[in-house]
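In this text, residue positions in the sequence shown follow our numbering: the first is 17, and each later residue adds one.
The hints are simulated quantities; they were obtained by calculation from the structure and are not laboratory data. Heads up, the beta-carbon is just placed ideally off N, CA and C, and yes, glycines get one too. Treat each hint with caution, since some may be false.
Stated by the list, open to error - Below, computed lysine-lysine pairings styled on BS3-like, alpha-carbon distance capped at 25 Å:
1) 73 with 63
2) 53 with 73
3) 79 with 63
4) 63 with 53
5) 53 with 38
6) 79 with 38
7) 38 with 24
8) 53 with 70
Unchecked claim - Using C-beta positions, here's what the derived DEER-type ranges look like:
9) 29 with 80: 46 to 52 Å
10) 75 with 29: 37 to 43 Å
11) 73 with 26: 32 to 38 Å
12) 35 with 56: 20 to 26 Å
13) 72 with 51: 18 to 24 Å
14) 44 with 80: 40 to 46 Å
15) 79 with 44: 23 to 29 Å
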Amino acid sequence: TGQVEIFKIEGDLRREVTENIKRLMEIGTYRGLRHRKGLPVRGQRTKTNARIRKGTKRTVAGKRGRK
17 TGQVEIFKIE GDLRREVTEN IKRLMEIGTY RGLRHRKGLP VRGQRTKTNA
67 RIRKGTKRTV AGKRGRK
(Lines of atoms letter the chains of each structure in order from A and count residues from 1; the text may use other names and numbers.)
(Lines give C-alpha, C1' and ligand atoms only; values in the text may rest on other atoms or scores of the structure.)
Protein backbone atom coordinates (compact mmCIF):
# COMPACT_ATOMS: atom_id res chain seq x y z
CA THR A 1 0.00 0.00 0.00
CA GLY A 2 3.00 2.33 0.33
CA GLN A 3 3.47 2.27 -3.45
CA VAL A 4 0.12 3.94 -4.19
CA GLU A 5 1.21 7.28 -2.74
CA ILE A 6 3.64 7.93 -5.61
CA PHE A 7 0.71 8.53 -8.00
CA LYS A 8 -1.39 11.69 -8.05
CA ILE A 9 -5.11 10.98 -8.21
CA GLU A 10 -8.39 12.79 -8.93
CA GLY A 11 -8.41 16.34 -7.49
CA ASP A 12 -4.65 16.61 -7.09
CA LEU A 13 -4.07 15.58 -10.70
CA ARG A 14 -6.77 17.95 -12.02
CA ARG A 15 -5.29 20.82 -10.02
CA GLU A 16 -1.80 20.13 -11.36
CA VAL A 17 -3.02 20.05 -14.97
CA THR A 18 -4.93 23.34 -14.59
CA GLU A 19 -1.93 24.98 -12.91
CA ASN A 20 0.31 23.82 -15.77
CA ILE A 21 -2.07 25.32 -18.34
CA LYS A 22 -2.31 28.60 -16.38
CA ARG A 23 1.49 28.73 -16.21
CA LEU A 24 1.77 28.28 -19.98
CA MET A 25 -0.74 31.10 -20.50
CA GLU A 26 1.06 33.44 -18.09
CA ILE A 27 4.50 33.03 -19.63
CA GLY A 28 3.00 33.49 -23.11
CA THR A 29 4.16 30.33 -24.85
CA TYR A 30 2.60 29.25 -28.15
CA ARG A 31 0.71 26.49 -26.33
CA GLY A 32 -0.50 29.00 -23.75
CA LEU A 33 -1.80 31.33 -26.45
CA ARG A 34 -3.66 28.47 -28.13
CA HIS A 35 -5.27 27.60 -24.79
CA ARG A 36 -6.23 31.24 -24.28
CA LYS A 37 -7.82 31.49 -27.75
CA GLY A 38 -9.59 28.15 -27.36
CA LEU A 39 -7.91 26.57 -30.38
CA PRO A 40 -6.28 23.14 -30.75
CA VAL A 41 -2.94 23.01 -28.97
CA ARG A 42 -1.22 19.99 -30.49
CA GLY A 43 -0.82 21.00 -34.12
CA GLN A 44 -4.14 19.89 -35.58
CA ARG A 45 -5.50 21.65 -38.65
CA THR A 46 -7.98 24.47 -38.11
CA LYS A 47 -8.96 25.46 -41.65
CA THR A 48 -11.60 22.77 -41.48
CA ASN A 49 -12.64 20.71 -38.45
CA ALA A 50 -11.48 21.68 -34.92
CA ARG A 51 -15.16 22.23 -34.10
CA ILE A 52 -14.87 20.82 -30.59
CA ARG A 53 -12.27 23.40 -29.52
CA LYS A 54 -13.77 26.30 -31.49
CA GLY A 55 -17.36 25.67 -30.38
CA THR A 56 -20.45 25.72 -32.57
CA LYS A 57 -20.36 27.48 -35.93
CA ARG A 58 -21.14 31.18 -36.05
CA THR A 59 -23.20 32.00 -39.11
CA VAL A 60 -22.06 35.00 -41.10
CA ALA A 61 -24.58 37.35 -42.70
CA GLY A 62 -24.08 36.50 -46.35
CA LYS A 63 -25.24 37.48 -49.81
CA ARG A 64 -28.81 36.29 -49.62
CA GLY A 65 -31.06 36.75 -52.64
CA ARG A 66 -28.55 38.89 -54.57
CA LYS A 67 -27.61 38.43 -58.19
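Results of checking the hints against the structure:
1. 73 with 63: Between residue 73 and residue 63 the Cα gap is close to 13 Å, so the pair holds against 25 Å.
2. 53 with 73: This hinted pair holds, its Cα atoms lying about 16 Å apart.
3. 79 with 63: holds, 22 Å
4. 63 with 53: holds, 15 Å
5. 53 with 38: Distance of about 13 Å is within 25 Å: holds.
6. 79 with 38: Given that 25 Å is the threshold and the Cα spacing comes to 42 Å, the pair is violated.
7. 38 with 24: Satisfied, since the Cα-Cα distance of roughly 19 Å is no more than 25 Å.
8. 53 with 70: With a Cα-Cα distance of about 9 Å, the restraint between residue 53 and residue 70 holds, given a limit of 25 Å.
9. 29 with 80: 46 to 52 Å: holds, 50 Å
10. 75 with 29: 37 to 43 Å: Holds, at about 39 Å.
11. 73 with 26: 32 to 38 Å: holds, 35 Å
12. 35 with 56: 20 to 26 Å: Hint holds: Cβ distance 21 Å, inside 20 to 26 Å.
13. 72 with 51: 18 to 24 Å: Since the Cβ atoms of residue 72 and residue 51 sit about 19 Å apart, the hinted range of 18 to 24 Å holds.
14. 44 with 80: 40 to 46 Å: Distance hint for residue 44, residue 80 holds at roughly 41 Å.
15. 79 with 44: 23 to 29 Å: At 39 Å between Cβs, range violated.
In summary, the numbered hints that this structure violates are 6, 15.
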